[in-house]
Amino acid sequence: MNAPGPPLLELSGVSKSFPGVMALRDVHLELAAGQVTALLGENGAGKSTLVKILTGIEAPDAGRISVAGQPVRFASPRDAWAAGITAIHQETIMFDELSVAENVFMGHMQVRGSRLVDWAAMRRRTAEILRELEADFGPDVKLKRLGVAQKHLVEVARALSHDGRIVIMDEPTAALSSREVDDLFRIIARLKAQGRAILFISHKFEEVFRIADRWVCLRDGRHVGVGAIGEVSAGELVRLMVGRPVADVFPKRAVPIGAPVLQVEDLANATEFADLAFTLHAGEILGFYGLVGSGRSEAMQALFGLSQPQRGTVRVRGRAVRIRSPAQAIAAGLAYVPEDRQTQGAVLPFGIRENTTLASLVRHCNGAFLSRERELATTREMGRRFAVKAHNWEQPLRELSGGNQQKIVLGKWIATRPAILILDEPTKGIDIGSKAAVHALIGELAAVGLGIILVSSELPEVMGMSDTILVMHEGRIARRFRRGEATAEAIVVAATGTAQSAAA
Amino acid sequence: MNAPPPVVAERYRVADRAPHRPADLLLRWESVLVLLLAAAIVVNTLISPHFLNVYNLSDATADFSEQAIIALPMALLILVREIDLSVSAIIALASLAIGLCSRAGEPAWLLVAAALAVGALCGAVNGALVAVVRLPSIVVTIGTMSLFRGIAQVALGDKAITGYSNAFQSIGQGAVLDWPPLPASFVLFLLLSLVFGIALHRTRYGRALYAIGSNPVAARFSGLPVDRARFLLFVLSGLLSGLAGALLTARIGSTRPNIALGWELTVVTMVVLGGFSIAGGEGTIPGLVLAVFLLGTVTWGLSLVNIPAVEISVLVGALMIVAIALPILLRRLTRHWRPETAAPLRSRSIGNDDVPVSNRDFPDPEGASTRDQ
Amino acid sequence: MSLAARLRSREGALALIIAVLAGAVALRAPTFLSPHNILVVLTDTSFLFILALGQTGVLLTRGIDLSVAANLALTGMIVALTAHALPGMPIVAVIALALLVGLGLGLINGFVVAAIGVPPIVTTLGTLTIYRGTIFAIAGGRWLTQSDMSAAFLGFPKATVLGVPALLWVAVIVAAAMTVFLTGTRTGRAIYAVGGNPVAAHYCGIRIARVQVLVYAISGALAGLCGYLWVARYGIAYVEIAIGYELTVIAACVIGGVSIAGGAGSVAGALLGALFLGVIVDALPVIDVSPFWQTALSGAVILAAIVVNARADRAGGKIILPEARRALRAGAR
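Listed in order, the protein sequences are those of chains P, F and Z.
Residue numbering for the first sequence follows the working numbering, beginning at 1 and increasing consecutively.
Residue numbering for the second sequence follows the working numbering, beginning at 505 and increasing consecutively.
Residue numbering for the third sequence follows the working numbering, beginning at 878 and increasing consecutively.
Keep in mind that the hints were calculated from the coordinates and are not lab data.
Possibly wrong hints are sitting among the right ones.
Stated by the list, open to error - Straight-line Cα separation of at most 30 Å, DSS-like style, residue types lysine-lysine; simulated pairs: (1) P:LYS389 / P:LYS144; (2) P:LYS144 / Z:LYS1035; (3) P:LYS192 / P:LYS151; (4) P:LYS204 / P:LYS151; (5) Z:LYS1195 / P:LYS142; (6) Z:LYS1195 / P:LYS428; (7) Z:LYS1035 / P:LYS151; (8) P:LYS204 / Z:LYS1035; (9) P:LYS204 / P:LYS192; (10) P:LYS428 / P:LYS389.
Only chain P is shown next, with the shape it has when bound in the complex (with noise of 0.2 Å):
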């Protein structure tokens, strides 16, 4: 291991607060040049605020940054990215119409004399940069034309672009397959040994072993715990950042399994699923677990009504149905949790009871006329069971914190009287606190006899809930397991498609 050098990057007694949420307070971190930092914390921690802080997107409310011992303030990203520091950000935010070496220089394109934009250069600095990740795509294809994998290999080419000191990468490996994490890995090997400090951000400890030399943990937006990663082991890590022993975050009932209520065989479209086929039965919890982008929204969507699969069969308590829409959908018993609450899920304009009731409008009207008492009525039964926290029931949801806007989504759906509820990654986002109380929701709907289908990115989440996992990758089911058969590394071996590769 490198010697530790003075620190790169230094942040002290950093703390700021959103409307309603102190998202960081009195915040350290050190980076030192030639090592690996890791960034552990849940969802809501607050890594993505000190991220935003750092790329100079957010300004701190309080606190100091100095780089290289020299005292910063970050008006804007461009002074971020001038002092060094480039970042892979979690959402892939690029430009579909664009190059991939316009993707990769924009902000900072190289210029020639006449100030005119350098293409020439652009496109060979691209062009070996792709090489040196072994990219199957060229500097000239317009974005929209890569898949997920491929866009996020472009920004790290964008970061690698940047003669940057300090790299951010957050959840850099979320949609990559193990050779591409292997192919990444090498690359921020490289970067340690020409002396830039890495800040890393993952969920996946087997990485964050592999990788760091050094770790930083979060919780609710403090420093919890600093140190070298020889020094831990990764349960001292996840009762860090979770704040307590692991068990209690996923209750999980013993509930009586049903009969089937949703059987659906070969379900595929063009691109995007196929070959999927699987049986729901009342009281049972079906975990989906899969990489980001490896077609579980997608499938879950097209079960919905919301996109249309080319073939396939579902049936709905033994009937064969065809369902062309959502409000099919939920006429037939179904219910979808999407994934995105802020603008699949959420109306946030609307107050809780507006939302409550979007999806069974017609079950609180009298004719066409509006009943607010009904209204009222289910509202508050929902808000109980739930336990939402607000001032009124009128309250606008974009005042409410994600784990109570969650607890509205879920409660609009329930509203709906649904035989089968789709949960797509239900805890995404939301503080720890609401993520056990959506937890112990999910067992008591299977306890009341749902069916539900549990699409999850956390390996916890899915093994703590599910009695039967299934896992996808590249849009087919690759592995089935039963509740008790599955171990973290089978799963994370069928997701990454390992297996197949290595019999390839």
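Starting from the known structure of chain P, arrange chains F and Z on it as the hints suggest.
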């Protein structure tokens, strides 16, 4: 298994209604409009003794009632993030249909029916292109605007159709009652506002429109028929444009290729001034009605003191920009004092986050109070 | 790029359609494709070329500038009045004045959109009415005709260099400048970035408000320039010149494949879109079709263009299945 986490056990007390705060009422856009309207009436009365004459007033209403009738469906379209720029061209086509039927010697009721049918058909063309082919409505209706008006021009050339029967002309020129002597178009506007108001603010269809306008994706995911709603709103817009075409043709007694030219901009101005955000999901029918009266009063008052219409339009244009800009600027000011201003109102109120339409998914680099981290 | 690939591109297809259209007209009236007539068509379309290029920049950022025609008319009136009051004014000063006035009017749009945050469609709809009304206010409903303008003022657009009228030269220069600006400069590419993905553009350190102000300023300055050229070419300035022309300009852009949703479009596309409309306008009288068809035809063409463009853009599902990825890769080659 361990006891469930403590959070689940906790229960919160949640009120049924939002607290009543007088400040909220004052900050409502409708309140601003009421004040402006009152001011306009007072000023008009002071500068012209003729202003409060009932016959003058009812004359004045005829000038804007036809536009106001189209403003109602336009408001609903803007509410769901669409726009119909072809309304004035639909009037031209509807007026052409009336002219052709009149030449054929058809009775007055059939003339009106023809206008309505042509209007609805044009609306269906717009609706199909937007909701079925999924094209942006602003471009679609710029295209159909040329197409519809162009067809009228081809049919009419540089001539006009005149010589309408008295029975037909009385629709646009006569009054419904002897006193107050209100023109039919004005009475129709009032009745339609009532229907639109109830439908939008009291029924599930209205709720669905607000949901679609606020978040079309979430609305679709919640099983609401988003595309059907869009289609029907365009048909409605066409239908009422046809009605306005009939009223206008009857009032002026002729069909010309340039009839109602440029009305779409006035109608959009009414809607925007009424508090409907171009970004969708905001605005009320009472607000729209107030804006119609405000514009009518200002225009009428200024014309009484012989200010030409073109100069009045400068004022109207400025009024529209200021009406949108002011809440944004005030919000920026107040944000420093009260970072957590709650604005539980659906109408445009100072403190709401309305995002420019073309920047709909612009950074607010992460939603204000909804963040998790 | 191979010839086949070029033809398959949007611009190539549009160029082909224009060629076929012009060829068909020439079958009925062979003089339509004579060098002289081609020059006439191009010159007639010059205003549309220039304004469409300004509009392209605005549309690329997800904006829209509905005030261009009103800006043109107002600037034209101001320039005409000034030149009338100062008969000795050199033509360079006239052009500079037109650019400056147009720029100022464009900056008002840019400021209201970028600094205050009023939606572009509302802003420019408002300034459209304001600018038109202002013409009436400053000219008092007066018409300025040829007799109010000097020979030099009237002569510039028609003066020929190498047999080509100055009006067309201006369009050529603007097109060349916009090509270099949009494809060859950082700021030009930033315009695409802002419209393509504003969040990503912000993350990349692009100052979005600046870019917005810039595109409205350019659109305004070009509209102002056209204001002088229009008044001088047609020898008349009054309140209603070019009324409704903003929609023709947007139509040209849309036909040329400039996306109203921002981030996509090219100078070549906008020029071809304008040329398409120009050819139709000039072809109608040649083939004895009543000019009253012009509006209806351009409406139909706009609709056809957006339907075709939407088909080309229609995103299928995500590419997840390995066989789909292989198929795409095979198709790309």
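Right, here's what the structure says about each hint:
Restraint check: the Cα-Cα separation between LYS389 (chain P) and LYS144 (chain P) comes to about 42 Å, which exceeds 30 Å; the hinted pair is violated. Under the criterion of a C-alpha separation no larger than 30 Å, the hint pairing LYS144 (chain P) with LYS1035 (chain Z) is inconsistent with the structure, at around 46 Å. Distance hint between LYS192 (chain P) and LYS151 (chain P) is fulfilled; the C-alpha atoms sit about 23 Å from each other, no more than 30 Å. Taking the CA atoms of LYS204 (chain P) and LYS151 (chain P), the gap is near 21 Å; set against the 30 Å cutoff, the hint holds.
Proposed proximity of LYS1195 (chain Z) and LYS142 (chain P) is supported: the alpha carbons are some 15 Å apart, at most 30 Å. For the suggested pair LYS1195 (chain Z) and LYS428 (chain P), the alpha carbons sit about 22 Å apart, so the restraint of at most 30 Å is met. Of the supplied pair hints, the one linking LYS1035 (chain Z) and LYS151 (chain P) is violated, its CA atoms being roughly 52 Å apart against a limit of 30 Å. Proposed proximity of LYS204 (chain P) and LYS1035 (chain Z) is contradicted: the alpha carbons are some 72 Å apart, above 30 Å.
Taking the CA atoms of LYS204 (chain P) and LYS192 (chain P), the gap is about 20 Å. The hint holds against a cut of 30 Å. Only pairs whose Cα atoms come within 30 Å are accepted, and LYS428 (chain P) paired with LYS389 (chain P) is accepted, the gap being roughly 19 Å.
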